[in-house]
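*Asks:* One letter stands for each residue in the lines below.
There are 2 protein chains.
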Amino acid sequence: MNGAQALIRTLVDAGVDVCFANPGTSEMHFVAALDDVPEMRAVLTLFEGVATGAADGYSRMAGRPAATLLHLGPGLGNGLANLHNARRGRTPLVNVVGDHARSHKRLDAPLESDIDALAGTVSGWVRRSLMPADVGADAAEAVAAASAAPGSIATLILPADVSWEDGAAVAEPCPPRPAPHVAPSVVEEIAGVLASGEETVLFLGGDVMGEDGLLAAARVAAGTGARLMSETFPSRAARGAGLPDVPKLPYPPEMAIAALAGTKHLVLSGATSPVHFFAYPGEVPGHPVPEDCTVHVLSAPGEDGVAALQALVSLAAPDAEPALLAASRPELPTGKLTPRALSAVVGALMPEGTILVDEALTSGVGLDELTSGAPRHDSLSLTGGAIGDGLPMALGAAVACPDRPVIGIQADGSAMYTISALWTYAREQLDITTIICDNSAYAILEQELTRVGAQHGGERATRLLELTRPGLDFVALAQGMGVPASRARTAEELTEQLRKALAEPGPHLIDAVLPGR
Amino acid sequence: MNGAQALIRTLVDAGVDVCFANPGTSEMHFVAALDDVPEMRAVLTLFEGVATGAADGYSRMAGRPAATLLHLGPGLGNGLANLHNARRGRTPLVNVVGDHARSHKRLDAPLESDIDALAGTVSGWVRRSLMPADVGADAAEAVAAASAAPGSIATLILPADVSWEDGAAVAEPCPPRPAPHVAPSVVEEIAGVLASGEETVLFLGGDVMGEDGLLAAARVAAGTGARLMSETFPSRAARGAGLPDVPKLPYPPEMAIAALAGTKHLVLSGATSPVHFFAYPGEVPGHPVPEDCTVHVLSAPGEDGVAALQALVSLAAPDAEPALLAASRPELPTGKLTPRALSAVVGALMPEGTILVDEALTSGVGLDELTSGAPRHDSLSLTGGAIGDGLPMALGAAVACPDRPVIGIQADGSAMYTISALWTYAREQLDITTIICDNSAYAILEQELTRVGAQHGGERATRLLELTRPGLDFVALAQGMGVPASRARTAEELTEQLRKALAEPGPHLIDAVLPGR
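Which chain is which? The protein sequence lines are Z and C, in order. If you're matching positions, the first sequence starts at 252 in the working numbering and goes up one per residue. If you're matching positions, the second sequence starts at 252 in the working numbering and goes up one per residue.
Careful, some of the hints might be misleading.
Identical chains share a label here; the pair holds if one copy fits it or two copies do between them.
Unchecked claim - Derived SDA-like pairs (lysine to any residue); straight-line CA-CA distance at most 25 angstroms:
1. LYS356 with GLY371
2. LYS515 with ARG357
3. LYS356 with HIS547
4. LYS356 with GLY537
5. LYS515 with LEU358
6. LYS751 with ALA727
7. LYS356 with GLY704
If you are wondering where the hints come from, they were derived from the structure by calculation, not from laboratory data.
Construct the entire structure; sequences and hints are all you get.
*Replies:* Here's what the structure looks like:
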């Protein structure tokens, strides 16, 4: 058995049976070994950033790691932006990077580069397999390292000759490492804070954004008067009717500050204390937490936050009835296709069980509000701020959950970083509906240019943020990669086209032409 | 004057007046300052890998650095693969990466990552500007560091607040650092080697691939009987009628070994000693140099190789008449559109002064041979093996040389890594004709799968190297980004379409459908 065969078999035995791949010469034995281990599903992507973003989306939905297969340092480089998002979302992910044969490393061949340094910037665990006999154990440990709460990226660097030489063996999966429990004394202390009567926000994120965590949080809020709020970009959030209304901390600093104004206690549950995405000119703090607010940690990322919330319910709100959202859908809008109308169409039509991949950025106006009473669904967001994760995440989510519809709400500028994801949608015939928010601009940067005080109306600056002359024809781009596509210029057209896309299997793209174009 | 203004003004004063940009929030003051320094031309790209590849192509043709503008660690990550190619090609390049404001760094905001570690893997020089007063001097030194022979990447990390704060000043350009001369004793020693009568190859690369170097090398060859050969992927090579025939060392190891068989002396002139791109199973050396061959260095990269060759002419071949290629064009082929027919059409039609950007990979059959007698032109190749440099390099070359036609011969799979370069072609109305070598496969990997001995006919492995089901419609993709496009299925159709594309200004794309689809 060669190294590649042992690697793939060990991954499959440990529950990692999907690999998003963009291989090169040094990965050819891994590719060949796919025919020896048919339980591993390899999904080809045309760019490594699609592979890593897909692995991110897959793992968020499957709750267990996907693998990637990347080619040397440049392949890892192309995958880094979405590995950054995965790292920020604490996604478990086994990142397999091929390298030159050991004998070839010292020759400084043209593709030689410092893979280890690149890997270190995004990984919680990095290992280079040194001989075929190691590969099985290395792979098992990579899965264990990636899966240990709260989840991280484990990068396994696989030299070509370690892959092709015999003498390898399959390794048993490592025993799972359960998330550490929160000490009862911590829960008691938080119960005391909540009993103070002072204005308190229970700030949610990470593992408590699923159904059990949200229902427990809602009972705490109902029993104590604490407000619920979540991090701005949760990795995965359960949403919809029957769950509590948990507003997200807004992205713009001034709105985030307003949202937390008056808060005396911020209790962190699965989230870290919020900071602004960016600093802005002027003497302002880099975070929205009021100066006289005390930050408390109920559970840190990686601790069992759901159990901690449930323990808190027993102490602080044993008989509380949570306030839950009733089923409600927005009315179908008519006329002009604004961002808010787009959100209303989605809220009105999205089926139960939808996976909503939200990279709408400035076009996501009202999306949370107008989908909050929709049937139960999950939402994935851009955890690390590196744009271009939306299309790939939708790909991974659809592979993880073939029986659930995926709707991607995708900003136009961001879509272009990883547009070739659409080809893999078509190749794998995934049930993904992509709605392009087509405002023909880096609209978020137009806002930021003003926010940083840099806008003095210069034509050259403005021009650098426009996606015009020429415009991007997303219908042609989608069709060029085998995805049926249409263009919606009114709310009615979007309604009709989304209905049709949701009714048919396979991928669809709708170019929603928004004001600004 | 704020840091951004001082930076741009200093760059312009030092001769860096083109910036390929994909900015984000932390770069908004740089963007705003573009209106204060109109001499700086900012070219927007939709993906950072396009920006870095364009800077690579620009600098190869302009002979002086372009700047990039990238957004934080993820933006740098997206740009790394083509920075790798630039590093391997020793391209001078000023890589400007925005970062969080200094006060924001410690907060571990979502976009925080280890920019310095990433930059270190591709840069010869890395600096973080620490305060506005430093920016001007830092920028001047970045240009000097990038420009010092043989050329390298200088990465300047620019915190957002250093960019927006006042107190900056423009710095004078640093004095140029000329390339060191090769010692006369070295030239004498090489002259002695050439006088030995033993089989000698003069192995060319880097700075000697221009007209002066090639003509001197041809005289040495004529006077001493040495054979000329060049590195496999020269950064920029002067080619065509009136220049010597300098075959490239072939890419496949068995052909490279055959090309150097019997060589007793390998004299390096601007090139390093060749190694194979990859290792392959079996006990074979990682390089094609025969065991009993001695490697001599006439000039190393960074030394003045042209002067060394000219000194060698004076010593070893003062009266030699160089063998130069006569003007000759292949006949226009008819019928089936094979890779060789494609090369013949290009060789028959390419205008004088063409910049040929060669990322044809397996489809480049006969391209060198069939263009060797064409009118004088320059050829740019994939120096670092990280595919996806072709479309961006053509962009940069066209910006550097607006009066010269650019023809990109582009493999289909590789095109998809940076396909959004086409949009910038259209936006800037660049005179670039892209010929897609559309064989619907990662054909090079199909060959490599066999070469590494990994091919045992598995269906899943084979499927992972096919770009089919669906095929990619490059005509639709180009049109979707504003580039006029057509499809050629015969040699005659390619001839007609290439003629038309070359006759009209602005960008064109031809999808050349090759056997295999």
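*Asks:* Confirm or reject each hint.
*Replies:* Against the structure, the hints:
no.: 1; hint: LYS356 with GLY371; result: both (19 angstroms within a copy, 19 angstroms between copies)
no.: 2; hint: LYS515 with ARG357; result: between (59 angstroms within a copy, 24 angstroms between copies)
no.: 3; hint: LYS356 with HIS547; result: between (49 angstroms within a copy, 23 angstroms between copies)
no.: 4; hint: LYS356 with GLY537; result: between (44 angstroms within a copy, 10 angstroms between copies)
no.: 5; hint: LYS515 with LEU358; result: between (61 angstroms within a copy, 21 angstroms between copies)
no.: 6; hint: LYS751 with ALA727; result: both (19 angstroms within a copy, 23 angstroms between copies)
no.: 7; hint: LYS356 with GLY704; result: between (49 angstroms within a copy, 20 angstroms between copies)
When the structure is compared with the earlier hints, no violation turns up for any of them.
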